[in-house]
Amino acid sequence: MVTTDEKGPLTAKKKSVIIRSCDGDEFLVSESAAVLSTSLKKILEEKEDRLIHLSDIDNKTLAMVIAYLSTHADDGLSDDLKRSFDQEFVSGKEFDVLKYLVLATDTLQVTCLCYTVAKKMADIMKNKLVEWVRREFDIQNDYTPEAEAEIRRLDAWAWDDRQLEDD
Amino acid sequence: MEKQATEREDDGDSNSMDRISNLPHPILHHILSFLFQDEAVKTSVLSKSWRYLWCSRPKIEFSETYFGGNTEAFMSVLHNTLQRYYDQKLYLQKFYIAMSLFDSEPLSLLEKWIPRILIDMGVRTFDLSSLSLKPACFDFPSVVFEAESLKHLYLESCKLNPKPLDKVLFKHLKTLSLKRVYIAEETLEKILSSCPLIEYLVLSQCEGLKTIKVNKPHNIKYFDFSDYLDYRADRDITIEVDIHVQTLETIRIEGAPNWFQSHHHKYFPYLKSLYLDNLSSRSIKDLIIEGFDNSIKVVIDVPNIVSFHYEGDIPRSISFTTASSEWKSDIVVWSNVNFDYDASSWCLKLNELLKALSESEISLDIQHCMGNPRVEEPPNLLVADNTCDGFYEPVVVGHLHLSLSGHSFFSLSALMNNLFCICRPRVIRQFWYADPENELETELNQVSAFVWNILLKERERRDYIWQHDLEEVCMEAFYDDEDRDEVNFRLKWTELS
Chain U
1 MVTTDEKGPL TAKKKSVIIR SCDGDEFLVS ESAAVLSTSL KKILEEKEDR LIHLSDIDNK
61 TLAMVIAYLS THADDGLSDD LKRSFDQEFV SGKEFDVLKY LVLATDTLQV TCLCYTVAKK
121 MADIMKNKLV EWVRREFDIQ NDYTPEAEAE IRRLDAWAWD DRQLEDD
Chain L
1 MEKQATERED DGDSNSMDRI SNLPHPILHH ILSFLFQDEA VKTSVLSKSW RYLWCSRPKI
61 EFSETYFGGN TEAFMSVLHN TLQRYYDQKL YLQKFYIAMS LFDSEPLSLL EKWIPRILID
121 MGVRTFDLSS LSLKPACFDF PSVVFEAESL KHLYLESCKL NPKPLDKVLF KHLKTLSLKR
181 VYIAEETLEK ILSSCPLIEY LVLSQCEGLK TIKVNKPHNI KYFDFSDYLD YRADRDITIE
241 VDIHVQTLET IRIEGAPNWF QSHHHKYFPY LKSLYLDNLS SRSIKDLIIE GFDNSIKVVI
301 DVPNIVSFHY EGDIPRSISF TTASSEWKSD IVVWSNVNFD YDASSWCLKL NELLKALSES
361 EISLDIQHCM GNPRVEEPPN LLVADNTCDG FYEPVVVGHL HLSLSGHSFF SLSALMNNLF
421 CICRPRVIRQ FWYADPENEL ETELNQVSAF VWNILLKERE RRDYIWQHDL EEVCMEAFYD
481 DEDRDEVNFR LKWTELS
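Heads up: the protein sequence lines correspond to chains U and L, in order.
Residue 1 is where the first sequence starts when you use UniProt numbering, and the numbers rise one by one after that.
Residue 1 is where the second sequence starts when you use UniProt numbering, and the numbers rise one by one after that.
With the rest of the complex left out, here is chain L:
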């Protein structure tokens, strides 16, 4: 111990060796502002010059989880930290807090501080996240509408319900993200019409809205809307979304909204990414992006699309208009049909979807889940399936992945034979984690073995049309970094005419 102490006394010049402490304080503050609160606090023991550095960084970021259930400690540390910034008039740019919004004491502490944080301290970013998924009950103080310096507002699980709302002073707002927030329609309209600079708009599982209408000149680039009826108290209401803003670059729609029901021509010249997730067939019926009537079609006019993501049931009809020459579509289709009987009609519907996307580089993931797995005889390849016939055209698919559970090989055979009629995958990619204990993974392994069988053995028989077009099959098997087994089947097909 003593020896160490002597060494320390000698090292008056050792700071010149120090690779970080000599940086100017504003830069160290900048670096510290990327750390979580606990990480920032810990820098205080690095050396004496670091003792108080973190205390004045421009960000406060607390989570109640740091305190392992000790609410009192959480409240006291939060209060003291805020008080210090307030008393010393320190610059606070960002305030993040994650807490349970159901305990009255921490809530009243937060309520007390919100006006100071938003108005007196003038934060640019205010982020409140809830540690629970329960719906809104905390009334967020309406002083927020007077926060002139606010640029980014993220709220979760609260009510934003000012009465009456006279003025919105956060004119420079760029981000508005509301998750599980109760917000009256007039309030949202007022915000959107008062804040022309909003670029990033997220409305996730919000209540209180019947329609969301944005069609004035606006600057929104990112629009994310999700709505799961199960979470809402007013679940008989289906929210209508009518957003027609030409600046949009990314649209993300999840759940079951009535989207774009109006008859106007919708046109998104800058749209690069379109994500449609978890859309049930019920909502797809109403999904019209560019529609001239209320038909049951998905019509998408996006001249400059780069990527299109879709996850859900197969839409009844879809058409794509784009001038883009290089774009990708990432399609995850769900199915719970019994392929023993319905493989061909299901594949015909899938073919319609693929045809609409045939200009793009398609990646297709089929997620099939059947209720009761049946134990079948080993694959009987003599069984003739009700192979696709009718108006189908094979479509080139870059990658195909089959996520099948509870299937039988019998129905898998029907699926594959139909699938190869309607699409020509260049690579079939299957992977599973090496864990012999895990039955599901073993099953995935069997899927690969079976795919191989179909490709090779059935090929010799040439019972099916697709077999005549398949020129070459090559199998690659490898482990990847994540301890995952992967098998890729590379297929070479006769050129499509």
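For reference, chain U alone in the conformation it holds in the complex:
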């Protein structure tokens, strides 16, 4: 199955590449969008092959990354529009979705998107109690209470929790 991204019909005349996700879905992407990923750019420079197989990125994540690349490759859009697209892009996404995105952008070396997603993930953790973060991300506390108290004591200056949220 070949899924074209939004710009498909227009860019088909231009050079394009097919990118296959780990679950076998294929996406037709313009070369100008693909090269915004440093690692895709390297692959394209090294070999003539127009089919790139990504063994560790699933179809849903890949579709999102490609939507991002295509938007940013569109010369017709102003920087302001691209910036607001980026904000929209990460807003309201589940943490797990962001996690797959950050892994994919790290693999593909899409620096800007990696930055935006990592920042969004950090925003989720900001101003939260440790207990909230543990609950939210299912982190098992493997410290003994004494060990935890000792660590808190070491950097006592950082522990003023009056303003923090726990909901």
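Only true hints are included.
Straight-line distance between alpha carbons at most 25 Å, and here's what the computed PhoX-like set of lysine-lysine pairs gives:
1) L:LYS159 / L:LYS213
2) L:LYS151 / L:LYS174
3) L:LYS48 / U:LYS119
4) U:LYS128 / L:LYS94
5) U:LYS41 / U:LYS99
6) U:LYS82 / L:LYS328
7) L:LYS48 / U:LYS126
8) U:LYS128 / L:LYS48
9) U:LYS82 / L:LYS221
10) L:LYS174 / U:LYS119
11) U:LYS99 / L:LYS48
12) L:LYS159 / L:LYS94
13) L:LYS94 / L:LYS221
14) L:LYS94 / U:LYS126
15) U:LYS82 / L:LYS174
16) U:LYS126 / U:LYS93
17) L:LYS210 / L:LYS163
18) U:LYS119 / L:LYS151
19) U:LYS82 / L:LYS151
20) U:LYS119 / L:LYS94
Quick caveat, the hints were computed from the structure, so don't treat them as lab data.
Quick caveat: nothing in here was measured; it's all calculated off a predicted structure.
Start from chain U and add chain L according to the hints.
Just chain L now, kept in the frame of chain U:
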């Protein structure tokens, strides 16, 4: 307690449930680098795998305020943290510090570390902010000019005064932001001519400069200049700014500079935003963006403008040249004239400003403050005002907001009648916070009631020209999320010919 401990022993596989800890360390470091220092430190107690993760994130960000006045604790934590990065040769990309720059001990600690941070550890971003607004006294070590890897430099309240300055090695500098910094003119010139990649240039309340001149080929996209004479020791000097760089996208000018006094034709093809804030009429006299002579005009040639912000007194004359078809102007005009007497002449000046901007979607905020509020009789609508006459043309205004304090309804009536001659607001938007105790807010509420009165009651009388053009008035009142009362008057006017 015991039960918990047993559960923990059983959960050898529980890490597979963990939604975050399994991410590769470079990614976790990246995420941690967006947190403040205290937030990053706290992640150490999440679980054992988080114990030392934050210690090697590529950012250090300290504020003396974390330590609640305990200078010794601040110094020791700062020193130990830096020492750890230094000893373990950890990658440090960004260093932020906010501290009082007047205590000698923390300052000498900082001085000792600056060469290591900038040269040996090779940070890309160095940011020093001051916790006080006092002017510069800390001499920033001139080793900074040898920091080859530096890309973003933000300094506050210090002196950047190397003698002599031979070479500038931070050739890749993209950001230079100096606030309340003493910098000699030659030093700034040397930096600007050595660093062609600077995109972001902020000079805020700096001392030591008489002219700022940038007209060589440059890459500056953002230029922010503010100058308040009150803050400067050398307040008899008015700084002249002569910046003519075609790559500029945003210009922000605040305070009272002599701006663009040279006779050259200034042209900014990429300029998208122009902010002019707090300009007193004294400086506006000298404000020439594209000028052929030293006339008292604001002439602006910006073909691709998207937004224009202006706050200050009404300029004596302004003209705008642009090819842009869709742009916005956000205008905040100040006034302290007595509208009982001067409403019409003030409105005529305002009309000149609005005419110059009539191609744009105008949002107008009138901030009027009169010294002594006077208690007046209830609005006497029979009083004939010295309504505008002369060469005025009504200009369509998208949003109008009136911020009035110490006014009387008598003068408000004069203002409104004159204002509707020179502009045709589509929406008059008034808002206030619901707080009956607050007299000012109650007054704002009364302004809305009065506007309504003028629009409706006076309309029936049709004494004024504008009343013939007003076809429809619609009032919407609502609360918004911030517990704010808001009233919008939507006005429909006869089409302007």
